[in-house]
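Work the whole structure out from these sequences, hints included.
Be aware that the sequence shown starts at 73, since it is given in the working numbering, and climbs by one per residue.
Treat the hints as calculated values from the structure; they're not laboratory data. Heads up, a few of these hints could be off.
As the list claims (entries may be wrong) - Heads up, simulated DSSO-like pairs for lysine-lysine below, C-alpha to C-alpha not over 27 Å straight-line: (1) K285 / K206; (2) K408 / K451; (3) K408 / K285; (4) K408 / K193; (5) K132 / K206; (6) K451 / K422; (7) K422 / K408; (8) K193 / K206.
For clarity, every value in this text was computed on a predicted model and none was experimentally measured.
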Amino acid sequence: MFALKRFVVALLTLGIWVHPTLGRTLEPSPECYYFVESRSSHLLYTGNSSVGNVPILEYKVTELTSFDSEFELRTLDPEGVIFFGDIGGQQNYFLLAVIQGNLSVQTSCGDGQVLVTSGPKISDGEWKKIAVMKHEGAVAVRVGSETAVTVQQSAESQRAEIGNGMLRISIGGLLPDSGVTLGLNPPLDGCMRSWDWVRQDSSILERTLQDSKVQRCWEHIAPGSYFTGVGSVGFSSLALLGNSSAELDGADWTLSVELALRTVSARGFLFILLDTQNDYILSLKLNHPSQELMLRLRGTLFWSRSYPQTLCSGESQFLQLQVRPGQLVIGMGITKATMRLTDGDYELLKRVLSQPGSRVYLGGGPAGLSSFHGCLQAKIQGVNVDLDLAEVKHGDVRSHSCPAALDIRDGK
Numbered sequence: 073m074f075a076l077k078r079f080v081v082a083l084l085t086l087g088i089w090v091h092p093t094l095g096r097t098l099e100p101s102p103e104c105y106y107f108v109e110s111r112s113s114h115l116l117y118t119g120n121s122s123v124g125n126v127p128i129l130e131y132k133v134t135e136l137t138s139f140d141s142e143f144e145l146r147t148l149d150p151e152g153v154i155f156f157g158d159i160g161g162q163q164n165y166f167l168l169a170v171i172q173g174n175l176s177v178q179t180s181c182g183d184g185q186v187l188v189t190s191g192p193k194i195s196d197g198e199w200k201k202i203a204v205m206k207h208e209g210a211v212a213v214r215v216g217s218e219t220a221v222t223v224q225q226s227a228e229s230q231r232a233e234i235g236n237g238m239l240r241i242s243i244g245g246l247l248p249d250s251g252v253t254l255g256l257n258p259p260l261d262g263c264m265r266s267w268d269w270v271r272q273d274s275s276i277l278e279r280t281l282q283d284s285k286v287q288r289c290w291e292h293i294a295p296g297s298y299f300t301g302v303g304s305v306g307f308s309s310l311a312l313l314g315n316s317s318a319e320l321d322g323a324d325w326t327l328s329v330e331l332a333l334r335t336v337s338a339r340g341f342l343f344i345l346l347d348t349q350n351d352y353i354l355s356l357k358l359n360h361p362s363q364e365l366m367l368r369l370r371g372t373l374f375w376s377r378s379y380p381q382t383l384c385s386g387e388s389q390f391l392q393l394q395v396r397p398g399q400l401v402i403g404m405g406i407t408k409a410t411m412r413l414t415d416g417d418y419e420l421l422k423r424v425l426s427q428p429g430s431r432v433y434l435g436g437g438p439a440g441l442s443s444f445h446g447c448l449q450a451k452i453q454g455v456n457v458d459l460d461l462a463e464v465k466h467g468d469v470r471s472h473s474c475p476a477a478l479d480i481r482d483g484k
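Printed below as a string of C-alpha cells:
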C-alpha cells in the first residue's frame, strides 16, 4: 500500500493521473477560474435518473393517516419527472411532471386508460411551493396558494388506498420495475427542498444528501449547461440540423454554430463533427499546452488564435462558426477571421452532416476525451441546443443549469 501511495504521489507530481475506473491517462486539469460551487446539503437534485440514482420512499398503506405531500421545486428544465407514485403497480399510479415548461399530471383511470392534465408554467428557475392533496375522490395539485390541477381518482385508486399494499414514491424518475410509458424524457434538471411526504418519515433523503454530493444542488443557478470536465454529449447530426437538413442539397447552404461559455479550466473540445467512421472532420478546441483556440478540418490545423486575456477572468466568451460556399468564418467576441474553403471541403462537410450515423459532440469528445469544464450554451442553425435530446450524455453534465457564479448572461 505504501508503494502504491508513493507511485500516485509521483504521478501527481508530474501532472499525470490515471483514472481508477477508465484505466487511461487524463490530462492535468488546468484550473484557470476559481469559484465556490456551494452545493447545499438540504437541496435534492432531481436529475440523476439517467445514471440510476432515483431516491425511493416506501410506506405501508395501513400506516398512513394522510396522502398529502408538499415540497418546493426549482427548475429551468422544460421536461422531466418530478415524482412518480403507485400502489400495487402500474394499474394505480400518479405522475407529476414538467412538459413544455408546464406542470403536468398523468394518472391511471382504469381499463388501461391514462389521463393527462396540464397546469401552469413552472420552468422559470424560481422556487415554487407545490402541494399534492387528496380530497373526496380527487387529487388537487396546488402551486403557491392557487389550485393548478385537479384530477378525479379512479375506483381502483380509491380501493387501493384502503387496502394492504405499499405506497411507493420515486423522485425524479420512474420506479425500476414500472411498465408505465411516459412519452417524455424522465431526468429533470431541478432541485427540491422543504419536503413533507405523506406526513411520514423521509430521513432517507437526508442521508442520501449527506452521503453523496452528486445528489445535491447549487444554492443559486443560472441558465446554461454545466460540464464538469469529465464528460460530453453527442447528437445525431441530422437531429441537430432539424428542418434545415432539407436544405443540404442547396448550392448556398450554410452551417451556423454559436457558442457562449464561461470557463473553469482552460482546455477541452467545444464542438466536434464526426463522420460514420468516428474520424474528426471539424473540431473547435481550447488547447491548453499552446494556450490557443484551435480549429481543425479533417484533422489538420486550419486556424488558431491565442487565448483571449479574458478567458480565465470569469468573463463570458462568445464564438461564432460559419461554413458557407467558399468560406469558413470564425468569430470570437468582436474579432472575426475569414478563411478560404475549397469546394471539396465544403461538399465534404455537407455530406458528413447529412449522413445517418454522423455525430456532433459538445463539451468533449467520445468517451469524455479532452472535456470542457465550465458553463456552455450552444445554438446550431440559430436554434438553442437541448442537451436532453442527445443520444449520448454523461451523467455529470447538467443540461439546463449552471452555478450562478458562471452566469453567461453577466457578459462583462
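Here's how the hints hold up against the structure:
For the hint pairing K285 with K206, the CA-to-CA distance comes to about 34 Å; that exceeds 27 Å, so the pair is violated. Annotation: proposed proximity of K408 to K451 holds, straight-line Cα distance about 18 Å (limit 27 Å). Straight-line distance between C-alpha atoms of K408 and K285 comes to about 41 Å, which puts the hinted pair past the 27 Å bound. A C-alpha spacing of about 40 Å is found between K408 and K193, which places the hinted pair above 27 Å, so the restraint is violated.
For the given pair, K132 sits about 17 Å from K206 by alpha-carbon distance, which is consistent with the 27 Å threshold. The hinted pair formed by K451 and K422 meets the criterion: a straight-line CA distance of about 18 Å does not exceed 27 Å. For the hint pairing K422 with K408, the CA-to-CA distance comes to about 23 Å; that is within 27 Å, so the pair holds. Restraint check: the Cα-Cα separation between K193 and K206 comes to about 22 Å, which is no more than 27 Å; the hinted pair holds.
Checked against the numbered hints given earlier, this structure breaks hints 1, 3, 4; the rest are met.
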